[in-house]
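Novice: Residue strings, one per chain:
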Amino acid sequence: MSSVVEVRNLTKSYGSVMAVNQVSFSIEAGIIYGLLGRNGAGKTTIMQILTAQLFANSGDVKVFGEAPFENSRVLSQICFVKDSQKYPKNYRVIDVLHQAAIFFPHWDREFAFALIEDFRLPLSRRMKALSRGMLSTAGIIVGLASRAPLTIFDEPYLGLDAVARGIFYDRLLEDYAEHPRTVILSTHLIDEISRLLEHILVIDQGRLVLDEEAEALRGRAFAVVGPAAKVDIYTAGKELLDREPFGGLVSATVMGNGDASDRQHAEALGLELASVSLQQLIVHLTSGKYERKAVEVR
Amino acid sequence: MEYLIDENRPIFVQIAERIENDIIAGELSEESQVPSTNQFASFYQINPATAAKGVNLLVDQGILYKKRGLGMYVASGARAKLLEKRREQFFERYVVTMLQEAEKLGITTEQLTEMIQRKVKVR
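Top line first, the protein sequences correspond to chains F and H.
Count the first sequence with our numbering and you get residues 1 to 298, in order.
Count the second sequence with our numbering and you get residues 1 to 123, in order.
Extracted from the complex, chain F is given alone in its bound form (with noise of 0.2 Å):
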C-alpha cells in the first residue's frame, strides 16, 4: 500500500509551548483514520502543517510524495474542513459550492446538491447568517462532496444535532465506500465514531502515544474489580493503566486481552472483570495518570 502522508519527527513550537514535539507516522492510502487526543493535544497544528498553512520547526512532511508548501498539484488533492473555516463576506450557501466546484477536481455537484437536501441547508442564506449547526453542515458538505484523495475532518460536527451527525456517518461511509479515499477524522468525542474508523492515531501533549488498529484496540483493556489485597496480588507485573479505590473495593485497568487464562486467574481470586471501551483506553492513555502509575508498580 503507498502512503498519501509521511511524517518523521515533525516539531512545531508556539514560543515556549511545545505544540507538536517529534512526532512520525505515516498515512496509507484509501483507509479512514482518527486523529484522537485531548483539547490543546497538538491535532489541529499537525493538519495545518499537513495542509500547509503554518510551518513545522523541524522535521520532514510529505503528503503524496512532495512537500505540501505551496504546491498546487498536492493542496489541490487535499480538501481540509475545520471548524474555524472563515468566509468572504456576503457568501451565500451557494456561492460556497461554486467555488468549491473550481477548486476541487473530483467535484461531484449532484451529490452535494443531494447532500444540501440531505440536511435540509438553506442555499440562498448568507455564510454569516448561519447557524453553528449549519456552518458545521456547509462544511461536511463540501468535505464529502469534493472526494479529494486526502479529505481531513477537524472537530467537522460542532453544534450538530443527532439526526445530523447520523446522516454524516451514513453518507461519508456509502461514498468511501464507493470512492475510496483516505479521510483523517479528528476529535475528542470518540465514542460515536470509534466504529468508522479503521486506524487511529492519539496525539496527548504533542507526542504521538497511539498509532494502531483500531480493532486491535478493541478489548486490549479490561477492568478487575474486587478487594483492594485481592485486586494488588491480580496486577502485580501486569501493565496497569488506572487504580481507583471504591470503599474497600478497587477498580483496576490492566493492559491484556482479558483471555480464559485471565478470567481463570481473576475468579480465582473472587475478582470480576469488566470491558474497557476504547473510549475509556484512550482516557487512561491521555490522563496524565499512566506513566506514572506504571512507574509505581515496577
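Be a bit skeptical, because a hint or two may be false.
Ranges between beta-carbon positions, derived for each pair [to be verified]:
1) F:Asn39 with H:Glu30: 28 to 38 Å
2) F:Arg109 with H:Glu84: 50 to 60 Å
3) H:Leu99 with F:Ser261: 15 to 25 Å
4) H:Lys85 with F:Asn21: 42 to 52 Å
5) H:Glu84 with F:Asp170: 34 to 44 Å
6) F:Ser84 with H:Asn56: 39 to 49 Å
7) F:Asn39 with H:Glu92: 19 to 29 Å
8) H:Leu99 with F:Pro227: 20 to 30 Å
9) F:Phe55 with H:Arg93: 30 to 40 Å
10) H:Thr109 with F:Asp170: 46 to 56 Å
11) F:Asn71 with H:Arg93: 56 to 66 Å
12) H:Glu92 with F:Val163: 35 to 45 Å
13) H:Asn56 with F:Ser2: 17 to 27 Å
14) H:Arg93 with F:Ala268: 15 to 25 Å
In silico DSSO-like cross-links for lysine-lysine, where the CA-CA straight-line distance does not exceed 30 Å [as the list claims (entries may be wrong)]:
15) H:Lys53 with H:Lys67
16) H:Lys66 with H:Lys119
17) F:Lys230 with H:Lys104
18) H:Lys104 with F:Lys238
19) H:Lys121 with H:Lys104
20) H:Lys81 with H:Lys104
The hints are simulated quantities; they were obtained by calculation from the structure and are not laboratory data.
Keep in mind the model is a prediction, meaning the values are calculated, not measured.
The beta-carbon is built from N, C-alpha and C at its ideal position, and this holds for glycine as well.
Since the structure of chain F is already known, use the hints to place chain H on it.
Specialist: Just chain H, lined up with the frame of chain F:
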C-alpha cells in the same frame, strides 16, 4: 443508532458471530448469498474494512466462500460445522460455568440434575 454492536469487543468478531447465528437459525441457508461488506458497513455504521475482516474470518473457516464477481455465499455443510463448534462451546460456556456457580452455592449434582429435569417436564 446502535444496532446492538458492543463497542468493547472487536467488531469484526461480532459481525462473524451475527452471520454464524443467522446460518444456525436457518435465516441464511446454505448456498445463499450473504449481504455485501458495504451493506454490513452501512447497516451497522462501521468501517467497511472491519466488516470485510469479519466476513473473511468465516471464509478462512470454510463457512463462507467467494463466487467471483457475485459476492459471498454460505458453503454447503456450513450449518453442521457451526453446530458442532457451538456445541463444544456450550460445554465450556454454560455447563462448566453452571457447575462452578453451583459449587459456590452448595448445590449438589443430584439437586442440579433434579432442577434440570423439573424444568424439562414443565416444558
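Novice: Hint by hint, say whether it matches the structure.
Specialist: Hints, one by one, checked against the model:
Judged by the Cβ atoms, the range 28 to 38 Å given for asparagine 39 of chain F and glutamate 30 of chain H is violated: they are separated by roughly 53 Å. The beta-carbon spacing between arginine 109 of chain F and glutamate 84 of chain H, approximately 55 Å, falls within the hinted interval of 50 to 60 Å. The supplied range of 15 to 25 Å is met by leucine 99 of chain H and serine 261 of chain F, whose beta-carbon atoms lie about 19 Å from each other. The hinted window of 42 to 52 Å between lysine 85 of chain H and asparagine 21 of chain F holds, with their beta carbons roughly 49 Å apart.
Taken as a hint, the range 34 to 44 Å holds for the pair glutamate 84 of chain H and aspartate 170 of chain F, whose Cβ atoms sit roughly 38 Å apart. Distance hint for serine 84 of chain F and asparagine 56 of chain H: a CB-CB separation of about 41 Å, consistent with the stated range 39 to 49 Å. For asparagine 39 of chain F and glutamate 92 of chain H, the Cβ-Cβ distance of about 45 Å falls outside the hinted range of 19 to 29 Å, so the restraint is violated. Our hint of 20 to 30 Å for leucine 99 of chain H and proline 227 of chain F holds, since their Cβ atoms are close to 25 Å apart.
The given range of 30 to 40 Å is broken by phenylalanine 55 of chain F and arginine 93 of chain H, whose C-beta atoms sit roughly 58 Å from each other. At roughly 54 Å, the beta-carbon separation of threonine 109 of chain H and aspartate 170 of chain F lies within the given 46 to 56 Å, and the hint holds. For asparagine 71 of chain F paired with arginine 93 of chain H, a C-beta distance near 58 Å keeps the hint of 56 to 66 Å intact. Evaluation of the 35 to 45 Å hint for glutamate 92 of chain H and valine 163 of chain F yields a pass: the beta carbon distance comes to about 43 Å.
For asparagine 56 of chain H and serine 2 of chain F, the Cβ-Cβ distance of about 22 Å falls inside the hinted range of 17 to 27 Å, so the restraint holds. With their beta carbons about 18 Å apart, arginine 93 of chain H and alanine 268 of chain F fall inside the hinted range of 15 to 25 Å. Taken as a hint, the lysine 53 of chain H and lysine 67 of chain H pair is honoured in the structure, with Cα atoms around 17 Å apart against an allowance of 30 Å. Between lysine 66 of chain H and lysine 119 of chain H, the direct Cα distance comes to roughly 44 Å. Violation of the 30 Å bound is thereby established for this hinted pair.
At roughly 18 Å between alpha-carbon atoms, lysine 230 of chain F and lysine 104 of chain H fall within 30 Å of each other, so this suggested pair holds. Taking the CA atoms of lysine 104 of chain H and lysine 238 of chain F, the gap is near 28 Å; set against the 30 Å cutoff, the hint holds. Taking the CA atoms of lysine 121 of chain H and lysine 104 of chain H, the gap is near 26 Å; set against the 30 Å cutoff, the hint holds. Our distance criterion of 30 Å between C-alpha atoms is broken by lysine 81 of chain H and lysine 104 of chain H, whose separation comes to about 35 Å.
Hint compliance for this structure: hints 1, 7, 9, 16 and 20 are broken, all remaining hints hold.
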